[in-house]
Amino acid sequence: MSGAEILLEPGVIPRLLQGLWVTVWIAGVSVALSVPVGLIVGWLMTMKNPVVRLLTRIYLDFIRIMPQLALLFIAFYGFAQAWNWNLDATGACVFVFVLWGGAELGDLVRGALESIPKAQYESSYVLGLSGWQTFTKVILPQALRRLLPASVNLATRIVKTTSLAVLLGVVEVIKVGQQIIDANRFQYPTGTLWIYGVIFLMYFIVCWPLSIVARRLEKRWKHD
Amino acid sequence: MTEQVARTTQASLDVRHLVKQYANADKPVLNDISFSVPHGKVFVIVGPSGSGKSTLLRTIAGLEPIQGGTISLNGEVIETGKPGTESAGRSKRSSELRTRVGMVFQSYDLFPNKTVLGNITLAPTLVQKRDKAEAEQEAIALLERVGLADRKNAWPHELSGGQRQRVAICRALILHPEVLLFDEVTAALDPEMVREVLDVMLELADSGQTMLIVTHEMQFARAIADQIILLEGGDIVEQSDDAEAFFTNPKTERARRFLRTFEFDRHRKPAETTA
Amino acid sequence: MLDWAFVSHYAPFFVKGAEITLIISVFGIILAVVTGLVCAGIEIARVPVLRQIVRIYIELSRNTPLLVQLYFLYFGLPKLGVVWSAEQCAIVGLGFLGGSYMAEAMRGGLETIPEVQRESAYVLGLSPWQTLSHVVVPQAISTSIPGVVANVIFLIKESSVVSAIALADVMYMAKDLIGMYYDTYESLFLLIVTYLVILLPISLLGTWLERRFDYERR
Numbered sequence: 001m002s003g004a005e006i007l008l009e010p011g012v013i014p015r016l017l018q019g020l021w022v023t024v025w026i027a028g029v030s031v032a033l034s035v036p037v038g039l040i041v042g043w044l045m046t047m048k049n050p051v052v053r054l055l056t057r058i059y060l061d062f063i064r065i066m067p068q069l070a071l072l073f074i075a076f077y078g079f080a081q082a083w084n085w086n087l088d089a090t091g092a093c094v095f096v097f098v099l100w101g102g103a104e105l106g107d108l109v110r111g112a113l114e115s116i117p118k119a120q121y122e123s124s125y126v127l128g129l130s131g132w133q134t135f136t137k138v139i140l141p142q143a144l145r146r147l148l149p150a151s152v153n154l155a156t157r158i159v160k161t162t163s164l165a166v167l168l169g170v171v172e173v174i175k176v177g178q179q180i181i182d183a184n185r186f187q188y189p190t191g192t193l194w195i196y197g198v199i200f201l202m203y204f205i206v207c208w209p210l211s212i213v214a215r216r217l218e219k220r221w222k223h224d
Numbered sequence: 001m002t003e004q005v006a007r008t009t010q011a012s013l014d015v016r017h018l019v020k021q022y023a024n025a026d027k028p029v030l031n032d033i034s035f036s037v038p039h040g041k042v043f044v045i046v047g048p049s050g051s052g053k054s055t056l057l058r059t060i061a062g063l064e065p066i067q068g069g070t071i072s073l074n075g076e077v078i079e080t081g082k083p084g085t086e087s088a089g090r091s092k093r094s095s096e097l098r099t100r101v102g103m104v105f106q107s108y109d110l111f112p113n114k115t116v117l118g119n120i121t122l123a124p125t126l127v128q129k130r131d132k133a134e135a136e137q138e139a140i141a142l143l144e145r146v147g148l149a150d151r152k153n154a155w156p157h158e159l160s161g162g163q164r165q166r167v168a169i170c171r172a173l174i175l176h177p178e179v180l181l182f183d184e185v186t187a188a189l190d191p192e193m194v195r196e197v198l199d200v201m202l203e204l205a206d207s208g209q210t211m212l213i214v215t216h217e218m219q220f221a222r223a224i225a226d227q228i229i230l231l232e233g234g235d236i237v238e239q240s241d242d243a244e245a246f247f248t249n250p251k252t253e254r255a256r257r258f259l260r261t262f263e264f265d266r267h268r269k270p271a272e273t274t275a
Numbered sequence: 001m002l003d004w005a006f007v008s009h010y011a012p013f014f015v016k017g018a019e020i021t022l023i024i025s026v027f028g029i030i031l032a033v034v035t036g037l038v039c040a041g042i043e044i045a046r047v048p049v050l051r052q053i054v055r056i057y058i059e060l061s062r063n064t065p066l067l068v069q070l071y072f073l074y075f076g077l078p079k080l081g082v083v084w085s086a087e088q089c090a091i092v093g094l095g096f097l098g099g100s101y102m103a104e105a106m107r108g109g110l111e112t113i114p115e116v117q118r119e120s121a122y123v124l125g126l127s128p129w130q131t132l133s134h135v136v137v138p139q140a141i142s143t144s145i146p147g148v149v150a151n152v153i154f155l156i157k158e159s160s161v162v163s164a165i166a167l168a169d170v171m172y173m174a175k176d177l178i179g180m181y182y183d184t185y186e187s188l189f190l191l192i193v194t195y196l197v198i199l200l201p202i203s204l205l206g207t208w209l210e211r212r213f214d215y216e217r218r
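Residue numbers (UniProt numbering), protein chains in the order written: chain G, 1 to 224; chain U, 1 to 275; chain R, 1 to 218.
Here chain G stands alone, though its shape is the one from the complex:
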C-alpha cells in the first residue's frame, strides 16, 4: 500500500526504536522503584495501628480512583508550583508511576501476606523457627508465588501507561512518531497510518511476552 515506504526512509525505524527505549526505560525504572515502595506499603497495610491503616487506605483508594493522566497532571503542574520543584516531564512520570505501582503492589503484598494460612505461622512456631526464619523461609517464598504473576501484570500496565508521557511532552516513541509524521507530511501523506501502526505493534511486542509470562506463572503456581 502506498505510504508504507516511509518506514524504509533512513533513520525512521532506528529513531522509533530510540523512542521506544525511552518508553521502556521509564517503565523499567518505575517498576524497579515500585518494588521497594510496594513492599513497604504492603507491610504498613498489614499493621494493626489504625492511623497507619487509614492513611495507607486513603493513599491506595485515591491512587486507584484517579485516572493516571490526572495523577500525571497533578504531579507535573501541581508539585512544580507547590514546592517550586522543577520536576521535568520524565521525572513526573517516574514519580507518578512509582506512587501508583507502589500502591498497587502494596495491596498485592498485603493480599499475599494475609492469604497465608495462620497454621503456617503456627507450625513454624511449634517447630521452633524464629520470627525471622519463619518470615524468610516459610512465609516469603509462599507470598512470592502469589506476588510474582501479579507484579508482571502490573509491569505490563505500567508499560502501557507510559504512553501518557507524550502528553506531558516527553520525547518517547509516540512523540518521535509524530515528529516523523510531521517531517514527511508532504512526501508521505498516508505515513500517519504506518507510523502509528508500527508504534501499536511495538507496544504489543513489549507487552505481550510479559502477559504470557504472567499467565504462565499464574497457571503453574495456581494449584500449589
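Errors might be hidden in some of the hints.
[Claimed, not checked] For the chain G half of the interface with chain R, some residues (derived, Cβ under 7 Å), not all of them:
hint : residue
1    : Pro-67
2    : Thr-192
3    : Tyr-196
[As the list claims (entries may be wrong)] Every beta carbon over 10 Å from chain U, so not counted as near; a handful from chain R, in silico:
hint : residue
4    : Trp-84
5    : Leu-126
6    : Asp-176
7    : Gly-206
Since the hints were derived computationally from the structure, they do not count as laboratory data. Idealized CB from N, CA, C, for every residue including glycine.
Take the given structure of chain G and dock chains U and R to it, following the hints.
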C-alpha cells in the same frame, strides 16, 4: 399420578456388559459390568478409590457415554454402548427419561441462585409442566419428611452441608424417579452431619424407593443394602444378592481383604513380654 | 489557599467536561459489554476460526495502550478513507479496549461455575436452554459482576485519554485552564473533585451490586 404408580410397580434397572473407556487410556475404567437392581430394592456399590464406582453411576445417569453394553430401565433399553464415543459429551436422552433416573451428587449441586423451594420445584414446573402450587405443596411435604420444612425459603448458602444434601434428595424425589442414584453423598460432610443424611436414606429404603448407592460408609452399607457389589479396577470382584452374607462371610479373598481395611484391631502384646 | 471565585466561575466548565466524559464512557462501555458478550460467547462455544480471531483481538487490545489505539483510529484510519468524528472514534476506541477486558471478566465468571451445576440440571431433565437461562446465566451474572464493575471504573478512568484527540472532557478542561490562566491549584482541585464525583458513586454502586448478586453472601 396413576401413570406414576403404573411405572414404579415393575421398575428395575438392568446393566448388561457395560464398558466404559476414556480417550487416551489403554484400559477401560469399567470392564464388562452386569448387574440389575430389582424394583423397591437397595443396591449398594462399594470398592476402593478409583475402582470406577462413581463413573458407573454417572454412565447410568447419562453424564458419561458408554462404549459397550446396554443400560435398561423398566425393560426398556435407554443406553447402548458404541465404540469411538470416548470424547462424546452427555447422553442425548430425552428430558422425560432423565427425570426417571434421579441422582444426588457429592456436593455443590444445589443451585445457589434459587431458594430451597425454588431448587425443588424448578424441574417439576419446567420439565414436567406441573402446576406450581401443586409442586410447592409436594415440595413442602418432602421437606417435612426430611425435617426441613422450616427452611423452605432459605438460600443454599444458609444451610449446613447435611441440610443441603437433604434438600438435594427432595429435589430428586419430587420427580418420582424410578431409580435414585447416590454418589458418595456424605463424603464431603462433617462427621456429625453424616447421620442426618443417612437416616433420610434409610427411611427412603423402608418406603420402597429403588436406590443405587455408592458409599464409603461400611456400617451404613451393611444396614441399608439388599444387594451389593464390590468393584475394583473396573471389574466386579464380588456380587452378592444377600448383602448381609457379603459382610459376614465374603466369598472372595479380595472382598475379605477389602472389608478388613475397615476394622481396627489393636494387637496388644501380652503383658509378660512387655514387662 | 484556593481562589474560590475562580473555582466557582469555572466549575460549570467541568460539569460540561463531565458530560463529555460520561457520554463517551457510557457509549464506550455499552460497546465494550456487547463486544465482550460476543467474544466470550464465541470462546465458550468454541466456534472455529472466529475463536482464533477473538483470541488475536483480545491479545492486541489488552497489550497496547488506549492512547496509541486512539491515535491509530483517529489519525491513521482516515488515510484509508474512514471518515469519523472524534466522538465516534473515542467511543470505538474505548469499546475496542474494553471489549477484551469485558470478555475476560465474563469468561472468568462463567468458568467459576462448577460442572456439577450443569450435571444436576441435566439429571433433573432441564433442556440446554433451560439450563442456560435458569442455572448458568443467573450464576454467571453474579460471578462476573466484580470483574465487569472493575472494568467500568477502569474504562471511565481510561476515557481521560480522549482529551488527546481534542475532545473537551474533564481532563481537557483542566489542561486548558492551566494553559490559559496558571491557576494551577484551582484547576487541579476541580479536576480531582469532578473525577471523585463521577467515580466514587460508581465505585460504591459496584460494591453494592457485588453484594446484591453474590449468592454466597446476601
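Results of checking the hints against the structure:
{"no.": "1", "hint": "Pro-67", "result": "4 Å, holds"}
{"no.": "2", "hint": "Thr-192", "result": "5 Å, holds"}
{"no.": "3", "hint": "Tyr-196", "result": "4 Å, holds"}
{"no.": "4", "hint": "Trp-84", "result": "42 Å, holds"}
{"no.": "5", "hint": "Leu-126", "result": "6 Å, violated"}
{"no.": "6", "hint": "Asp-176", "result": "49 Å, holds"}
{"no.": "7", "hint": "Gly-206", "result": "20 Å, holds"}
Figure legend: structure checked against the earlier numbered hints; the only hint not met is number 5.
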